[in-house]
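Both chains come to you apart, so use the hints to assemble them.
So the sequence lines, in the order shown, correspond to chains A and B.
Going by my numbering, the residue at position 213 of the first sequence is 214; the numbering climbs one at a time, nothing skipped.
Going by my numbering, the residue at position 283 of the second sequence is 1690; the numbering climbs one at a time, nothing skipped.
Don't read these hints as lab results, they were simulated from the structure.
Computed from a predicted structure; not experimentally measured.
Treat the hints with care, as some may be off.
Unchecked claim - Label-pair restraints from in silico Cβ distances:
id	chain 1	residue 1	chain 2	residue 2	range
1	A	Ala84	B	Asp1463	52 to 58 Å
2	B	Thr1613	A	Trp55	48 to 54 Å
3	A	Leu207	B	Thr1613	46 to 52 Å
4	B	Gln1521	A	Ile38	14 to 20 Å
Ideal Cβ positions, reconstructed from N, Cα and C, are used throughout, including at glycine.
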Amino acid sequence: MFLDAWRYAASHPQAFWTALGVHVLLSAAALAIAAGIAIPGALAAHRRPAWSAWVTNGANIGRTLPSLAVLALVMPLLGTGFAPSLFALTLLALPPIVQNTLAGLRSVDPDVVDAARGMGMAQREILRRVEMPIALPAVFAGLRTAAVQVVSGAVLAAFIGGGGLGDFITAGIAMMALPQLLVGAIPVTLLALGVDYAFGAAQRRLTPAGLRTP
Amino acid sequence: MILLERVRKRFAGASAPAVDDVSLEVARGEICVLIGPSGCGKTTTMRMINRMIEPDGGRILVDGRDIAQADPVELRRGIGYVIQQVGLFPHQTIAENIATVPRLLGWAPARIAQRVAALLALVHMDPARDGRRYPRALSGGQKQRIGVARALAADPPVLLMDEPFGALDPLTRAALQDEFLRLLRELSKTIVFVTHDIDEALKLGTRIAVMRAGRVLQYDTPARLLAQPADAFVESFVGGDRALKRLGLMTAGAHARALHLPEHARRVAADTPLRDALSLLLDDAAALAVTDAQGRVIGGLSLETIRAALAPPGA
Chain A
2 MFLDAWRYAA SHPQAFWTAL GVHVLLSAAA LAIAAGIAIP GALAAHRRPA WSAWVTNGAN
62 IGRTLPSLAV LALVMPLLGT GFAPSLFALT LLALPPIVQN TLAGLRSVDP DVVDAARGMG
122 MAQREILRRV EMPIALPAVF AGLRTAAVQV VSGAVLAAFI GGGGLGDFIT AGIAMMALPQ
182 LLVGAIPVTL LALGVDYAFG AAQRRLTPAG LRTP
Chain B
1408 MILLERVRKR FAGASAPAVD DVSLEVARGE ICVLIGPSGC GKTTTMRMIN RMIEPDGGRI
1468 LVDGRDIAQA DPVELRRGIG YVIQQVGLFP HQTIAENIAT VPRLLGWAPA RIAQRVAALL
1528 ALVHMDPARD GRRYPRALSG GQKQRIGVAR ALAADPPVLL MDEPFGALDP LTRAALQDEF
1588 LRLLRELSKT IVFVTHDIDE ALKLGTRIAV MRAGRVLQYD TPARLLAQPA DAFVESFVGG
1648 DRALKRLGLM TAGAHARALH LPEHARRVAA DTPLRDALSL LLDDAAALAV TDAQGRVIGG
1708 LSLETIRAAL APPGA
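In isolation and in its complexed conformation, chain B is listed as follows (with noise of 0.2 Å):
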């Protein structure tokens, strides 16, 4: 869906360059995240795709379409974009705001009316009431709905996201998180998002390409780069709780093991990561029975079953 090849860019007066052969392919429905420390070339990458930023050499293709030959106002027509700072028009309503694009390309005004009270819906905002009101009389959390709602008005099968919940509260970031998680379900979309908080990464990315000094040093799952990184900066960069990480990305269920369990052995959910099964057991438990939606048990969970469950295949 979309395609790097060999991407360069260097700014004018820049003694380095930002991007540096960058190659990166996206599938269809993928969330790609793009992490590294800041000047790392991650945002500019992201740009370039919709070409605020024009690259000095390689290729950019979306949906099979090299973008050098696109015009670019239609281009980013085509493709969602959301920002940290939202950049909400405050002279227009939340309605008008979530119109923009929709009105761009010339929708009926029923249409646009229809379209915008469902997105207003789809992001838990009242249509009724919230779509009158201005943006300054939002919250953080609130802006950034209606910044992804605009972005998603005229349906784009793409998103460009530059660290849209970056300057949230860390309660309101893990909320707009999971709503955002919840909403791909239905929605299939194609995205890059740039974010520097490696957990955010490792939640939503289905590929994470970790960037330093315009060169992606890693481009895997979050299971396998937490597993295997390439190098030593990405081994620091996923932290020094990377074993822990990788637990909370697997569930108890699909771990469990016949295990002889005690009488009155604490009872756990499949779908709970092992990251929070491993802290029950060192809270108290020898051992955790794990069950399915039905409550039956369908194995137990050990200190020596989670230990196996970071071993790399085969070993």
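If we strip away everything but chain A, and leave its shape as in the complex, we get (with noise of 0.2 Å):
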């Protein structure tokens, strides 16, 4: 079974690496763009506490939705292709990197604040000096489940026409094929768990010293 898979890929090297290729692109270029708007977000929230109970039920709702719904909502809204599952993809990574870097944020002592604010740091030098090194492992938590859901959650494309390794899935499971359904299947399961492993590395080097469990 797992010979049948291997020789379909190796007799259709041209699709298994374009599907590759779009799931990576796809998978990537989502987790860039959400990180570059929940952790800026996230920051931005953190200031004003107004809005960080808005942002945080937000995210809190936004968890909650089943991956296949929001990229069937997107579907009549923008229609099939690409740029449709790109953008439900990103609405996926947004929540848990927005709830992570709050979480984060929130982690940080209030006396540590107030002492540095005291003893004369600016508003962006606490920032970059204090409270992103002591939540950076938080946020990089955030970044590792997202980026595992967005690896799995790219298969979903598929059905609205965004490409990946969901195509040989879905067409796996339309024509009983199970050798093509492994094409899709051991290739995606071996990528989730490597995006697992490598933002779990990085998460542990980016833990300052002084922060690490013993």
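In structure tokens form, the structure reads like this:
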């Protein structure tokens, strides 16, 4: 069976590499855009308690939405193809990054911030030298969750014509062709595990020594 | 050095002002202790001096300069700041923590390293070993030592201290108070010190401001505060044992009189607090022989001389 899957992939190298490339590109782009929105957004919300509650509630709701529902909701609005898939996956990646960044910033002891201010650190110095380094492990935890979710969620992009490894899986299911299904499923699984491992390692490396649990 | 003129502050939504028409003057090298019950406005008063809180009215001068005209960030870099919870940066080493203000001021790395080592030694920490450690590895007393070292890093002339020793056990607190007083003999600083512990106020303060409901009820030296409390609140605040506390501030040498002393009278050194001398007299002796540093008898103490020491001048 696995051998059949290997043979299928080997006999369709063009299709396989294109699908893998689209999958990785879709996931990476969605994660990058989401991080670019979620991290500055969380920082801005952290400064304004009134926003913070709204943003937190929004993120909580966002996380409960099933991935497929998000993609399905996007289709009638934006149609099918790569761009709508990217949009949907970005939406999917936002909540965990926002939640974890806010949690990381809230974990900074208020006395530490008070001392920093009292010693003459300007607001941006407090953010750069105190709040961000302490919040960084939590930010990476959020990126890690979002990355795994996006890599898995990108499979569903096949339903709205976004391409990627999901094409093999949907085609495999439709034609009851198990080898073809596995050509999609195995790389996605490995990709998700690899992304999880890589972000986990980065998270540990970026945790300041003084904050590491011994 | 520090001058508060009719300073007022009312927080949004509060029915009464937190600080109500407070005027204080702290001369160079003095320790001004702000004391009072919770919510009396002592911390608010202190925090207005480095503009952590902005007053609603009045004027605050530091070294002759109206701080309302200063840039708050620049002002704070020139004023040491110590709080009860210390607020060390957990992600930075002890050395990096101490280097905070020098780094903000853009000192050269070599000068910072030298200064950090000197400060660690000053607060009885090991510059080679402790500088590389992280705050979580320190005890409460060690953390506050680093907090004080960090506040002294850029050698500011003024220090603001908000219950710096309040969270420590009594033994550590007393040790740190002694160390702090010794340190101040070497580096003259003008200090505003907030506490709710009257014994700490009497021990450290050059002058003590007793506050209640945002107002200063009395601003006086420890001796005068104990001898002549301004009102019933101050009197009860300093405690029912204020005669004993006053004796704690006086020394045997200063009050020894020419007395007829028995042959084997018990001897006490001239720097013994009268409070301890009284305890010895109550214990057994009818009189004590007070000796100077060379062990020579310079006079005697009896219960009568101690009572006379408490009498107001001219009475």
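Now the hints, each set against the structure:
Against the hinted window of 52 to 58 Å, the Cβ-Cβ separation of Ala84(A) and Asp1463(B) comes to about 55 Å, which satisfies the hint. As the Cβ distance of Thr1613(B) to Trp55(A) is approximately 51 Å, the hint placing it in 48 to 54 Å holds. Remark: the range hint 46 to 52 Å for Leu207(A) to Thr1613(B) is upheld by a beta-carbon distance near 48 Å. At about 46 Å, the beta-carbon gap between Gln1521(B) and Ile38(A) misses the expected band of 14 to 20 Å.
The structure fails to meet hint 4 from the earlier list, while all remaining hints are met.
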